[in-house]
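Student: Those protein sequences? They're chains A and B, same order as listed. Oh and the first sequence: position 604 is 611 in the working numbering, straight run, nothing missing. Oh and the second sequence: position 508 is 515 in the working numbering, straight run, nothing missing.
Because the hints were derived from the structure by calculation, they are not lab data. Wrong hints could be hidden among the right ones.
What the hints assert, rightly or not - Per label pair, the in silico range of CB-to-CB distance:
no., chain 1, residue 1, chain 2, residue 2, range
1, B, Pro-696, A, Val-296, 30 to 40 Å
2, A, Tyr-203, B, Arg-205, 27 to 37 Å
3, B, Ala-538, A, Gly-541, 32 to 42 Å
Claimed, not checked - Straight-line C-alpha distance at most 30 Å; calculated DSSO-like pairs for lysine-lysine:
no., chain 1, residue 1, chain 2, residue 2
4, A, Lys-435, B, Lys-300
5, A, Lys-648, B, Lys-648
6, B, Lys-225, A, Lys-96
7, A, Lys-395, B, Lys-300
8, B, Lys-435, A, Lys-395
9, A, Lys-383, B, Lys-648
10, B, Lys-390, A, Lys-220
11, A, Lys-736, B, Lys-648
12, A, Lys-436, B, Lys-390
13, B, Lys-200, B, Lys-236
14, A, Lys-297, B, Lys-383
15, B, Lys-276, A, Lys-648
Unchecked claim - Over 12 Å on every C-beta distance to chain A, these chain B residues come out as not near it, computed from the model:
no., residue
16, Phe-258
17, Gly-429
18, Asp-456
19, Pro-493
20, Thr-659
In this text, a Cβ means the ideal position worked out from N, Cα and C, and glycines have one as well.
Here's the letter readout for the chains.
There are 2 protein chains.
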Amino acid sequence: MSLLFKHLRIHQVFGANTDVGKTIITAALVRASAAEQHRVFYLKPVSTGPMQDADDEHVKRYVGGHSSLVQAHCLYRFEEPLSPHLAAKMAAEKDGLLHAPVPSDATFVTSVASYIRRCASAFSEKAHMYVETAGGVHSPTLSGTTQVDSYRPLFLPTMLVGDSKLGGISSTIASFEALLLRGYIVDSVLLFKDEYYRNWEYLASYFAERGVKVSAFKPPPPREDDLAKNFTVTEEYYRTLVPKNKTGGLFDVLRHLDERHAARLADLKTMPSRTLDTIWWPFVQHGHVKGPKDVNVIDSAWGDFFTVYNGHAQSSVTATVPASDSVLQPQFDGSASWWTQALGHAHPSLTLAAARAAGRYGHVMFPEATHLPALKLAERLVKDGPGKGWASRAFISDNGSTGMEVALKMALRAYNVRHGEGLAPARKKGMGVLGLKGSYHGDTIGAMDACEEGVYTCEWHQAKGYWFDPPTVSIRQCKVFVTLPPAMNSHDPDIEVDSVASAYDVPSRMDSPLATLYRNFIQETLQKLAAAGGPPLGALVLEPLVMGAGGMIFVDPLFQRIMIDVVRGSNSSPSGWSGVPVIFDEVFVGLFRIGMLSTAPLLGVTPDISVHAKILTGGLVPLAATLASDSIFQAFVSDNKVDALLHGHSYTAHAVGCEVANETMDIVERLAEGDTWTDAQDAWRAVTPERTELSVWSFWNPGFVDAMSRLDIVSEVMTLGTVVAIKLKDDHAGYQSASAQAVLRALNSSVNRGEGTVAPGGAPFSVHFRTLGNVAYFMTSLNTPAATVRSVEDRIWAVLDGKVQG
Amino acid sequence: MSLLFKHLRIHQVFGANTDVGKTIITAALVRASAAEQHRVFYLKPVSTGPMQDADDEHVKRYVGGHSSLVQAHCLYRFEEPLSPHLAAKMAAEKDGLLHAPVPSDATFVTSVASYIRRCASAFSEKAHMYVETAGGVHSPTLSGTTQVDSYRPLFLPTMLVGDSKLGGISSTIASFEALLLRGYIVDSVLLFKDEYYRNWEYLASYFAERGVKVSAFKPPPPREDDLAKNFTVTEEYYRTLVPKNKTGGLFDVLRHLDERHAARLADLKTMPSRTLDTIWWPFVQHGHVKGPKDVNVIDSAWGDFFTVYNGHAQSSVTATVPASDSVLQPQFDGSASWWTQALGHAHPSLTLAAARAAGRYGHVMFPEATHLPALKLAERLVKDGPGKGWASRAFISDNGSTGMEVALKMALRAYNVRHGEGLAPARKKGMGVLGLKGSYHGDTIGAMDACEEGVYTCEWHQAKGYWFDPPTVSIRQCKVFVTLPPAMNSHDPDIEVDSVASAYDVPSRMDSPLATLYRNFIQETLQKLAAAGGPPLGALVLEPLVMGAGGMIFVDPLFQRIMIDVVRGSNSSPSGWSGVPVIFDEVFVGLFRIGMLSTAPLLGVTPDISVHAKILTGGLVPLAATLASDSIFQAFVSDNKVDALLHGHSYTAHAVGCEVANETMDIVERLAEGDTWTDAQDAWRAVTPERTELSVWSFWNPGFVDAMSRLDIVSEVMTLGTVVAIKLKDDHAGYQSASAQAVLRALNSSVNRGEGTVAPGGAPFSVHFRTLGNVAYFMTSLNTPAATVRSVEDRIWAVLDGKVQG
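Please take these sequences and the hints and turn them into a complete structure.
Tutor: This is the structure we're talking about:
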């Protein structure tokens, strides 16, 4: 939770190193703020060293004389003048006993945030707060996480106290960059004027080029051994920094900080209307946007939460938010930002991966070239990733839609090379694909043409192919059903199965009567199509297991498996693919989004081409990979340039995207071994104890899913991996329905249940969600803590259950 | 120029701060290397402080006793113990006189590189080199540029000496991150074991998670005042670090560094074949790739140069490169990496922009949302950028191709909303566009469908529209011609004009007979098409001024202007666009690629829709913007969701791309005022002195362009902005021609003209180039130094002129 108050300007003070004058400069700022007759809060979250330095009264005297306007506080105090992580450890182990646990990052941040919120709500007049950190930017906090990372959830505006000594230019700039890497707003750099090293001269011009104001001050006098004398000279020094006439550098800094604070608030206030004036949103009917209040202003993001502006709500007549509350508040990113997030927002490892690739390569052109990030990514995807065992090559492009265009070009060419000689030119152009109703493969026109006519349409869209209405899997009233489509003319379309695990146990279902029904139905339909002289079908294109944009349709995996078996026929071609090339569009479902690296093992068949994107870069930048088997690749190899796959984007295999993807996969590998996954898997194992091997599981609790499935308002529920989909009863179903939006609107408000929510800083939070007509879905990252999932489950339950009762 | 030798392992030693023991640890490493009987080079490029410390003999004694294996050297020495930039300034100003200039970054790097190359070539046996930097990572070098940036062109593998004191955890990690931001390979972190602060414990685990080995050593004894005694205790200390039995931590470091060196060489060696095994390249006929030698292994990049591996050439029988040469060498990025580069590779400001957006937001979903990077970018493009005066909104997508698909969807819908009611469904689907032969708008199928049938084709491509064969502008034998296409049936197709400036002076040509000819020709053709009952044409789609991928075709701007005038007719529609919506595809030509922000002012008309990409992000990550006028936008606004522009990519308006684009435009604004641009503009003004206002100019020298145009082998030349295109005489013209590749092959080799080339470190360099059939083109960034352009001109001239003579 990022904290921003209209009346209370807060700045956190970071130091370029220890002993650079952070406390002295902060104290002078406190005094100056008090001199301006503002209430001033001085917060030192962690203090190490001799105890009297951390005593409230002492600190108050130190930072602000006896002004009644000043309130000073320290949250954690340790006597040892050590790095806080060691001091905390020593204190915890005192006398050989573990007498107090070391606070976790979340506890630490919540305690800081709580104090700030208390200060903000205690007074409504204009106030300033200075939060002084300990040591340098990367000094560890109590838990061992370094400060820039552990304070990051609060995203407080920042000042950096520079280092005026020899070497101080370096430590100041390096510290500044560490702050930038976490996205901090650095409003000011302050340091002492050392007349010999003159660092301030260099830094003033360096930072001016970067838009940051540098202010330099007379250094403090040498410390006197005599305490009384020291007090006198110190007070004298402060009087020169903070003169009675309220002029000079420090008051300039104060005005500058006030201006920056005001400018940030003004930006947030004007952003909604400015956005409505200049932005054309994707997938948004601007005619439905009623005004600035409909604009979600995202000030920053961290972990699973956006930080959003609520000032436009505060100013409305229906405001329920007190004016002294933070104008920023956390919002759970309930769609994982359009299904992209794997590791939460602003993950420092991904930022650093992006930075090191940008620093080493920028972007370098890819045809006939190679670089380590792209090569490693290709090797990983092909050999150890979703391509393992069948893929030979990776073709890299920019997003899922381009990745699918590449896949279609590959498949249709391969088909054409093998069967095209007998095809008239018009039939060649008219080749279609075989797929499922409800498919979605992206918004570029080629990708759209692989889907039936539907709402995602445009002037040039021409549906090219045939699409089966698929049987689906769902949970209703705690029972698991496979539901057949009307086209199958079944007496009872709903077939109950034992459990979710049973539904996804494809091998055990291969000899069932249903499998025979599917096989006959598919074969007969294809024969009818052929007899009717339809266009040749050159590829089978599937979103395995779940069709996302089509409405979170959980397709019966058995049906998809049998489709593949049918098109491939019994005799596998010696040259690789058989029947038609099979494309798995795993852009949404792949890379653990639904709990598995790839859907191929579950389906028991591998594709000839697969496409991966979204989660591939952990949710940071666009990138896609199309994997292909060697038999597909060989269709393009000749001595003739125009036989090549003449597709490419300028930024193909951009180093930043590839490096971030590699980093993501490293981290996900570790997550897969971690407790959060194991615990969630155990919860699902527990509901099907008869099974030893786990094929499917979910981050969402089976109990929650069952409970939802019992609600009257709910038609069905289904979950896999990070995704839970809730279909609401609605007569006007489909993409145009707004029922799910309407029913869940209460999630848009934050609920104040006191301190200690799962949001950063323990703040009340709202839930951002996207719906697909009458389907509401929610999605976590791959590293969302279980407590967060539980809390979001509670929120969803409260809203939906309330609806039923209300 | 990145330096990497097989026999000589080099590591540069950075410090987390000044006074962290960099020299002591480096000296110990030198001694250990010598103990292993390797030749050791110790290079201290800059030394400040008392002179004897920098004396070769003293340094040698200090670092390596009297071993004949050790060679120590210092390049720049200053007595004052100050930051090098101040010491250099003081030395330069000594006695009030400027008696020696402060070396520039290029001079500094060249002198370091020269020394290293001399060492490498002097001995062929296994050797080690340690390059010790001064102060902390960001301490300024002589010119004032900080060390991480000024050493970056050499891209030497790096060790970081950490800080063992209080605060040292922070300065060590911050320094490490500063190195990562420049892409450095950090092989090792070394520091002293301070038993009280125990930083090494924390750092060992911190860096282990990040794959970097930390080694800690006993700290040195306190300095003795007595020099002889100090010498004794120091030597004693070194004996404990570097014991005679060659065991212990320092020798472990040595082995680790050797392993890292060997692993890097092994990676480079295997990359070509591994790439051929896993990568499917864009736009490459893999059948033409003869083997590993055809793979361009890019190890890193900086400015306008790739650093490429030449080891696969070295090991061949035709090797002309001595084994002692660097296996990495610079290669001028002659196509600006597929037309993307604006500011050169690995520009630190772009890296930091990417990092700060990643750190603040990661990626946040965009529909109905806003964030500062996207909003600022949209405002800038619409209000102060290419949309100034006509655009109302920006729709952001991922690359030029998707940007064009969006543009086409916009234009066809707007046309359809106004005229569609009378259209039969089949004619609606069959709507075409009007354009020019040779157009290219990207590789997704919708973008391809806006181009005529050609080589960039695939199974689903269907050319939808009509394309005029356009008149072109070119320089032949120093004369400027407008050349009419055969379809115009002109008696003499070549019309000579005064100058390039005259050709692009559209207003003065509007009343010319040629303008009338164009107008009549276009009107008659359109009437014939309409009479023939062709599909309705729903948009005019142009790449203004230059059609890039179609073969760098410089279209007569007058023809494009009159096309627009004709389709718009005389009475402008009250609701905005007139006739058909006009799309400017400025993906390649916009944002100063051809010397102007937008082509609209030169053409004297604004479009209804424009598309921008490539250079938009300075050449770092994919991003595109489609700008539209309000009348286009209004065609999508209704109360019905499905009327909206249902297009969007998961990473729409990703914060990293938007922030990098904003940073790029800030930098380009400053470049536009700089000397390099002004000088180039002056050179072009000088060849048309009759004109006061400059409409067109080029980074390429008019004299060079004229000289090329005189060569027998050259058919024509043309240039605008950063682009120069040279069409070679070839009977087998077109995309399939390989003539330009064959003729220019000599550019692939580096030419050793001694020290002091324009490449980083003054190394011999090769030129990477792309051709389009019989057209060779070369492209600079927007900040390429004039000296680099001159040098590349010389290289091109030498090759082409040689061909003529040979």
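Student: For each hint, tell me whether it holds in the structure or not.
Tutor: The hints, checked one at a time:
1. The given range of 30 to 40 Å is broken by Pro-696 (chain B) and Val-296 (chain A), whose C-beta atoms sit roughly 55 Å from each other.
2. With their beta carbons about 33 Å apart, Tyr-203 (chain A) and Arg-205 (chain B) fall inside the hinted range of 27 to 37 Å.
3. Look at Ala-538 (chain B) against Gly-541 (chain A): about 35 Å separates their beta carbons, and that is inside 32 to 42 Å.
4. Restraint check for Lys-435 (chain A) and Lys-300 (chain B): the C-alpha separation of about 38 Å exceeds 30 Å, so the hint is violated.
5. Between Lys-648 (chain A) and Lys-648 (chain B) the alpha-carbon distance is near 44 Å, which puts this suggested pair outside the 30 Å criterion.
6. The suggested pairing of Lys-225 (chain B) with Lys-96 (chain A) holds, with an alpha-carbon distance near 24 Å, which does not exceed 30 Å.
7. Restraint check: the Cα-Cα separation between Lys-395 (chain A) and Lys-300 (chain B) comes to about 28 Å, which is no more than 30 Å; the hinted pair holds.
8. Between the alpha carbons of Lys-435 (chain B) and Lys-395 (chain A) the distance comes to roughly 45 Å, so the proposed pair goes past 30 Å and is violated.
9. Pair hint Lys-383 (chain A) plus Lys-648 (chain B) does not hold up; C-alpha atoms about 43 Å apart against a cutoff of 30 Å.
10. Only pairs whose Cα atoms come within 30 Å are accepted, and Lys-390 (chain B) paired with Lys-220 (chain A) is accepted, the gap being roughly 28 Å.
11. The suggested pairing of Lys-736 (chain A) with Lys-648 (chain B) holds, with an alpha-carbon distance near 20 Å, which does not exceed 30 Å.
12. Note on Lys-436 (chain A) and Lys-390 (chain B): the hinted pairing is violated, with a Cα-Cα distance of about 43 Å set against a maximum of 30 Å.
13. Among the hinted pairs, Lys-200 (chain B) with Lys-236 (chain B) is consistent with the structure: their alpha-carbon atoms are about 24 Å apart, no more than 30 Å.
14. A distance of roughly 22 Å separates the Cα atoms of Lys-297 (chain A) and Lys-383 (chain B); the hinted pair therefore holds under the 30 Å criterion.
15. About 28 Å separates the Cα atoms of Lys-276 (chain B) and Lys-648 (chain A), which keeps this hinted pair within 30 Å; it holds.
16. For Phe-258 (chain B), the requirement that its beta carbon stay farther than 12 Å from each beta carbon of chain A is met, with the minimum near 29 Å.
17. Look at Gly-429 (chain B): its CB is around 15 Å from the nearest CB on chain A, clear of 12 Å, so calling it non-interface holds up.
18. A cut-off of 12 Å between C-beta atoms contradicts the statement that Asp-456 (chain B) is not in contact with chain A; the least separation is 6 Å.
19. For Pro-493 (chain B), the non-interface assignment is confirmed: its Cβ lies about 24 Å from the closest Cβ of chain A, beyond the 12 Å cut-off.
20. Not every CB of chain A is more than 12 Å from the CB of Thr-659 (chain B) (nearest about 5 Å), against its label as outside the interface.
The structure shown violates the earlier hints numbered 1, 4, 5, 8, 9, 12, 18, 20.
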